[in-house]
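Colleague: Below are the chains, spelled out letter by letter.
Protein chains: 2
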Amino acid sequence: MEKGNATATINIAETSSERKGKAPLLAAPMEHAKGGYKRGIAIFDFVLRLSALVAALTATITMGTTDQTLPFFTQFFQFQASYDDLPAFEYFVITNPIVRGYLVLSIPFSIVCIVRRPHAVGPRLLLIILDTVMVALTTAVASAAAAIVYLAHNGNPSANWLAICQQFTDFCQKVSGAVVASFITVVMFLFLVVLSAIALRRN
Amino acid sequence: MEKGNATATINIAETSSERKGKAPLLAAPMEHAKGGYKRGIAIFDFVLRLSALVAALTATITMGTTDQTLPFFTQFFQFQASYDDLPAFEYFVITNPIVRGYLVLSIPFSIVCIVRRPHAVGPRLLLIILDTVMVALTTAVASAAAAIVYLAHNGNPSANWLAICQQFTDFCQKVSGAVVASFITVVMFLFLVVLSAIALRRN
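These protein sequences, in sequence, are chains A and B. Residue numbers for the first sequence follow the UniProt record's numbering, beginning at 1 and rising by one. Residue numbers for the second sequence follow the UniProt record's numbering, beginning at 1 and rising by one.
Calculated directly from the structure, the hints in this document are not laboratory data. Ideal Cβ positions, reconstructed from N, Cα and C, are used throughout, including at glycine. Warning: the hint list may mix true and false statements.
[To be verified] Derived DEER-like restraints, expressed as beta-carbon distance ranges:
1. B:T65 / A:Q173: 34 to 44 Å
2. B:R116 / A:I114: 31 to 41 Å
3. B:H153 / A:Y37: 45 to 55 Å
4. B:V133 / A:I43: 21 to 31 Å
5. A:I98 / B:H153: 20 to 30 Å
6. B:H153 / A:R116: 44 to 54 Å
7. A:V54 / B:Q166: 39 to 49 Å
8. A:I98 / B:I43: 31 to 41 Å
9. B:D170 / A:I94: 24 to 34 Å
10. B:I198 / A:Y37: 21 to 31 Å
11. A:I107 / B:V133: 18 to 28 Å
12. A:R116 / B:Q173: 48 to 58 Å
[Claimed, not checked] Derived list of chain A stretches under chain B, where covered just means 3 residues or more per stretch with a C-beta under 8 Å from a C-beta of chain B:
13. 129-143
14. 189-196
Please put together the full structure from these sequences, using the hints given.
Modeller: What follows is the structure, encoded as structure tokens:
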């Protein structure tokens, strides 16, 4: 640990020079002192990305397999509900693979951030910008689907839209589950942005 | 400008010492070299915040004043549409003041970032985290309202929900305008996050 001691001495020297008004050196000693803390953030970022991938996958599978046919039919048509009957759910199923693809592609960058910590400013900046875009994208589809699910459950007397969940119970349950999984993905993306911001600050 | 020259000399000295393996000092010289560029970012951040405030205000006023009564009525009731008939639009009107309040409160922090550039890491970090939360919040309400507006325009034959925009044309136009204004706010928040990330990187 003689290297660590040498660094500590340099830090002290720099800190005293800062008091004389050379503040720009502030970032450098902090980075060395909190090396372990930063590696922890990078590893947590990686774990969070894997969890977000699982949540997004759950959301798509749940939504993609919603297909309920009622056991009775009239003379003219059979009652059937599937995700592709409602545009909001279709966008949900189309957008989720984009989010999953991004998460898979971002994992190598996350590993780069763990391995090459002090030099990983570029990848970190790229990740924070794309993560924020993903927050917006995931929230948009999850929230549009949530609005339609709410309508399917409760209906709307003013617009004369009737609730359809009394008939299509399985359909509604699955769709609600997918919306919840999607909001969990949103929360994970929010944490990823916060982590990246904290990590970026020390560079 | 003799102070600037002194700093430049120090920078060169540090850069040469970096080549000997003291990479952590990398952040410090960059910050001085790109001082003007960073002040530009801070000012653009301030302008963008003001524009987002205007966009959010437009969205709320447009949505809050949607109230259309049809010029005919039956024996039993008069046809009337207002934003508070649909929960998605109600959330929109409730959430927008929160966004506006945050924008107003964040403007002093933005000014702090302009004035005290090299030391403004704390405010910058606070702004990037809260901006990201606002991206999620604004997108959520805008997108839920968009899903309902789409339904009001097009209806849904599978769920037997009829389009109501043939009757309530004014209502639908105003609501669509509010949704567009809200998505403009989202785009501005996205830019704010990107700007903060770039500014944070140099610290």
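Colleague: Now look at each hint and say whether the structure bears it out.
Modeller: Status of each hint after checking the structure:
no.	hint	verdict
1	B:T65 / A:Q173: 34 to 44 Å	holds (38 Å)
2	B:R116 / A:I114: 31 to 41 Å	holds (33 Å)
3	B:H153 / A:Y37: 45 to 55 Å	holds (52 Å)
4	B:V133 / A:I43: 21 to 31 Å	holds (24 Å)
5	A:I98 / B:H153: 20 to 30 Å	holds (25 Å)
6	B:H153 / A:R116: 44 to 54 Å	holds (51 Å)
7	A:V54 / B:Q166: 39 to 49 Å	holds (45 Å)
8	A:I98 / B:I43: 31 to 41 Å	holds (34 Å)
9	B:D170 / A:I94: 24 to 34 Å	holds (32 Å)
10	B:I198 / A:Y37: 21 to 31 Å	holds (23 Å)
11	A:I107 / B:V133: 18 to 28 Å	holds (25 Å)
12	A:R116 / B:Q173: 48 to 58 Å	holds (53 Å)
13	129-143	holds (count 10)
14	189-196	holds (count 4)
In the structure shown, no violation is registered for any of the earlier numbered hints.
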